[in-house]
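Q: Residues per chain, in single letters:
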Amino acid sequence: MANREVHIERLLGHKVFDAKGKRVGRLEEVIAVRQDNEWVVQEYWIGGGALLHRLSVRGVARALLGFFGAKENAGFKVSWDKLDLSHPKRLRLNCAHHELEKLTEKDKTTRRRKHQGRSK
Amino acid sequence: MKKIHLICDVLDDQLVDRKKRPMGKVDGIVIILRKDKPPRLAYLETGLNTVAHRFSTRLGKLAERIGRKWGVRHGKPFRIPWDKVRDYGIDVEVDIDVDETPVMDWEKWLNKKIIGRIPGSG
Amino acid sequence: MLEITLGIVTSIGGFLDVGAIATAVQAGAAFKFQLIWVVALGTICVIFLVEMSGRLAAVSKHTLVDALRERFGVNFYLVPFVAEIIVDFLVLAAEIGGVCLALQLVTGISFRWWALPVAFVLWLLLWRGTFSIIEKGTSLFGLITLCFVVAVFVLHPPWREVATGFMPSLPAHDHANYWFIAVAILGALISPYLFYFYSSGTIEDKWDKSYLGVNRAVSALGMSFGSFVSLGVLIVAALVLSPRGIMVDNYEQAAMILTEPFGYWGFILFAASLGIACFGAALEVGLDQAYVVAQALGWNWGENQHPKEDARFSMTYTIFIFASSLLMVAGIDPLTLTIFSMALTAVVLPLVILPFLILMNDEHYMGEHRNGIISNSVVILIIVLTFVLAVVAIPLEIFGG
Numbered sequence: 001m002a003n004r005e006v007h008i009e010r011l012l013g014h015k016v017f018d019a020k021g022k023r024v025g026r027l028e029e030v031i032a033v034r035q036d037n038e039w040v041v042q043e044y045w046i047g048g049g050a051l052l053h054r055l056s057v058r059g060v061a062r063a064l065l066g067f068f069g070a071k072e073n074a075g076f077k078v079s080w081d082k083l084d085l086s087h088p089k090r091l092r093l094n095c096a097h098h099e100l101e102k103l104t105e106k107d108k109t110t111r112r113r114k115h116q117g118r119s120k
Numbered sequence: 001m002k003k004i005h006l007i008c009d010v011l012d013d014q015l016v017d018r019k020k021r022p023m024g025k026v027d028g029i030v031i032i033l034r035k036d037k038p039p040r041l042a043y044l045e046t047g048l049n050t051v052a053h054r055f056s057t058r059l060g061k062l063a064e065r066i067g068r069k070w071g072v073r074h075g076k077p078f079r080i081p082w083d084k085v086r087d088y089g090i091d092v093e094v095d096i097d098v099d100e101t102p103v104m105d106w107e108k109w110l111n112k113k114i115i116g117r118i119p120g121s122g
Numbered sequence: 001m002l003e004i005t006l007g008i009v010t011s012i013g014g015f016l017d018v019g020a021i022a023t024a025v026q027a028g029a030a031f032k033f034q035l036i037w038v039v040a041l042g043t044i045c046v047i048f049l050v051e052m053s054g055r056l057a058a059v060s061k062h063t064l065v066d067a068l069r070e071r072f073g074v075n076f077y078l079v080p081f082v083a084e085i086i087v088d089f090l091v092l093a094a095e096i097g098g099v100c101l102a103l104q105l106v107t108g109i110s111f112r113w114w115a116l117p118v119a120f121v122l123w124l125l126l127w128r129g130t131f132s133i134i135e136k137g138t139s140l141f142g143l144i145t146l147c148f149v150v151a152v153f154v155l156h157p158p159w160r161e162v163a164t165g166f167m168p169s170l171p172a173h174d175h176a177n178y179w180f181i182a183v184a185i186l187g188a189l190i191s192p193y194l195f196y197f198y199s200s201g202t203i204e205d206k207w208d209k210s211y212l213g214v215n216r217a218v219s220a221l222g223m224s225f226g227s228f229v230s231l232g233v234l235i236v237a238a239l240v241l242s243p244r245g246i247m248v249d250n251y252e253q254a255a256m257i258l259t260e261p262f263g264y265w266g267f268i269l270f271a272a273s274l275g276i277a278c279f280g281a282a283l284e285v286g287l288d289q290a291y292v293v294a295q296a297l298g299w300n301w302g303e304n305q306h307p308k309e310d311a312r313f314s315m316t317y318t319i320f321i322f323a324s325s326l327l328m329v330a331g332i333d334p335l336t337l338t339i340f341s342m343a344l345t346a347v348v349l350p351l352v353i354l355p356f357l358i359l360m361n362d363e364h365y366m367g368e369h370r371n372g373i374i375s376n377s378v379v380i381l382i383i384v385l386t387f388v389l390a391v392v393a394i395p396l397e398i399f400g401g
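Protein chains in written order, with this note's numbering: chain A, 1 to 120; chain B, 1 to 122; chain C, 1 to 401.
Treat each hint with caution, since some may be false.
[Unchecked claim] When the alpha-carbon atoms are kept at most 20 Å apart in a straight line, the in silico EDC-like pairs for lysine to aspartate or glutamate are as follows:
hint, chain 1, residue 1, chain 2, residue 2
1, B, K35, A, E5
2, C, K308, B, E64
3, A, K20, A, E105
4, B, K3, C, D205
5, B, K84, B, D97
6, B, K84, A, E105
7, B, K35, A, D36
8, A, K89, A, D36
9, B, K35, A, E101
10, A, K102, A, D81
11, B, K2, B, E93
12, B, K61, A, E101
Keep in mind the hints are simulated off the structure, nothing from the lab.
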């Protein structure tokens, strides 16, 4: 696994399973941070809630799901060291489902705005 | 700590060079896995080969074969080292000159062989 | 004020195209004033959509295509992208067909012979022209279509009956055809190329947040005034063709509608209106195809640049214009192609509009200028209605003969 290249865009939407083989959700986002003068992957976001965050339709989805009596899947954030990328088509966590941290509203606010001046 | 949402805020965004000229889209992002360290952001990729791979491996390999017929450079996607990224958000701005990359090869070929030969093309 | 006036004039002149003319004539001939409500509904929807696309571009500095690909990723975006290219291709062929038919009406020479020369002139204008010349020039010439509005007043319609047409009603006969024409009218009015083109034009004209008021005025007033021309076609067709029981199968029959108010000159005016309106629309659709491809792939693009500066963009509209003209060279009936492509547009609309709506509600793109509940509700209702009608009416029309 050391020094291997991985294409993030080819992982997008792939199913992620926990250490016991139980399906957790799909990979929907990758978060990077600056550390020691380089940009590194900090965490991955997985599950329905993560997709809704990415598409920014969480409010609408929550309202619709609530209307039909269904529960929203909050989505999880997974630290970089908990996801094994050696088999991109079958991504595997090295922890159990219940050990995962749920995504919060605060996580949404770190996205960049897209409406402040442009190159063209 | 400043965070980048790579899928939302970088992937599929418009790429522009240091003079703000378009150079394609961010079609791919390459990370390098390391032992006992978090994966490092290594490159942005742009090119139809990269896009084709996102649909299927078979399509990606076909795109590479077709690209190679047009010259070695076109069998491979164009990679931009991550440390050349100056800004992101609306566009992803990189500190390179698009004229010095193979990104404009098709444009230049079209100009030379077809468009440039038609009167009034400027 | 000048910008608003120019914008409104542009919208009036640019509103009518082959789809709007063909569907309005058929609606008036077959069902008199009964389908006026559909024109009104389609106009309301297109006002909202055009305003939204201008607002998106002015605030986020992204064209609609740019924003769709960024937001949803290439894997999802491929579907609306391919749908748009196919629909645009067919609509472009139909618009070229409209110009060719106008020339056939006046010269008697078959439309098939006119296809390549018309394609060449279209291409030449895009090659040499700027965005401003194309937008304003063809739309100013397009004001000739106001002759339909004048014709309405010359013919003294029963205004009470016309007003009743604004209320939805069921037909007394031929239900399948009624709903099919309703679908085709909606597909003709709510053409995706209109708002894709408008968002690209907003970037070409370098509009920013300070133009939001102008944008609202241009979309609301421009599209409203433009729809009067469309209604003019429908009312005149209802007054001239319906009493004679003429069901329009070709443009020669349609051309008769202006002969009653204007005599021989009415025939010339119809041909001129058809030709100029379709020519202007063909320029927009041809350019729109190049915009869609270039923006989806991140190429350099812009009608204000010389072809050498954006060779791939120029090559794209060149290929599309000549390829679509071949459908006319092959002899495909322009009227049939028009109605078919309008109906197809109606089916494809949700694919294009729903992602657009999600974008308009995204705070990261729109900031404080996101859609309100009225915009969202109006657009969703009309698009769902259009799609449901399309799914029901098209098979009925095909299998019901």
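Q: Give a verdict on every hint.
A: A quick look at each hint next to the structure:
Restraint check for K35(B) and E5(A): satisfied, since their Cα atoms lie roughly 13 Å apart, inside the 20 Å limit. For a cut-off of 20 Å, the pair hint linking K308(C) to E64(B) is broken: about 28 Å separates their Cα positions. Annotation: proposed proximity of K20(A) to E105(A) is violated, straight-line Cα distance about 29 Å (limit 20 Å). For the proposed pair K3(B) and D205(C), the alpha carbon gap of about 34 Å is over 20 Å, so the pair is violated.
Simply put, K84(B) and D97(B) have alpha-carbon atoms about 11 Å apart, close enough for the 20 Å limit, and the pair holds. At most 20 Å may separate the alpha-carbon atoms for a hinted pair to count; K84(B) and E105(A) exceed this at roughly 32 Å. With a CA separation close to 16 Å, the supplied pair K35(B) and D36(A) stays within the 20 Å bound. A C-alpha spacing of about 31 Å is found between K89(A) and D36(A), which places the hinted pair above 20 Å, so the restraint is violated.
For the given pair, K35(B) sits about 24 Å from E101(A) by alpha-carbon distance, which is inconsistent with the 20 Å threshold. Distance hint between K102(A) and D81(A) is fulfilled; the C-alpha atoms sit about 17 Å from each other, no more than 20 Å. A C-alpha spacing of about 18 Å is found between K2(B) and E93(B), which places the hinted pair at or below 20 Å, so the restraint holds. At roughly 38 Å between alpha-carbon atoms, K61(B) and E101(A) are farther apart than 20 Å, so this suggested pair is violated.
Hints 2, 3, 4, 6, 8, 9 and 12 from the list above are not met by this structure, while the remaining hints are.
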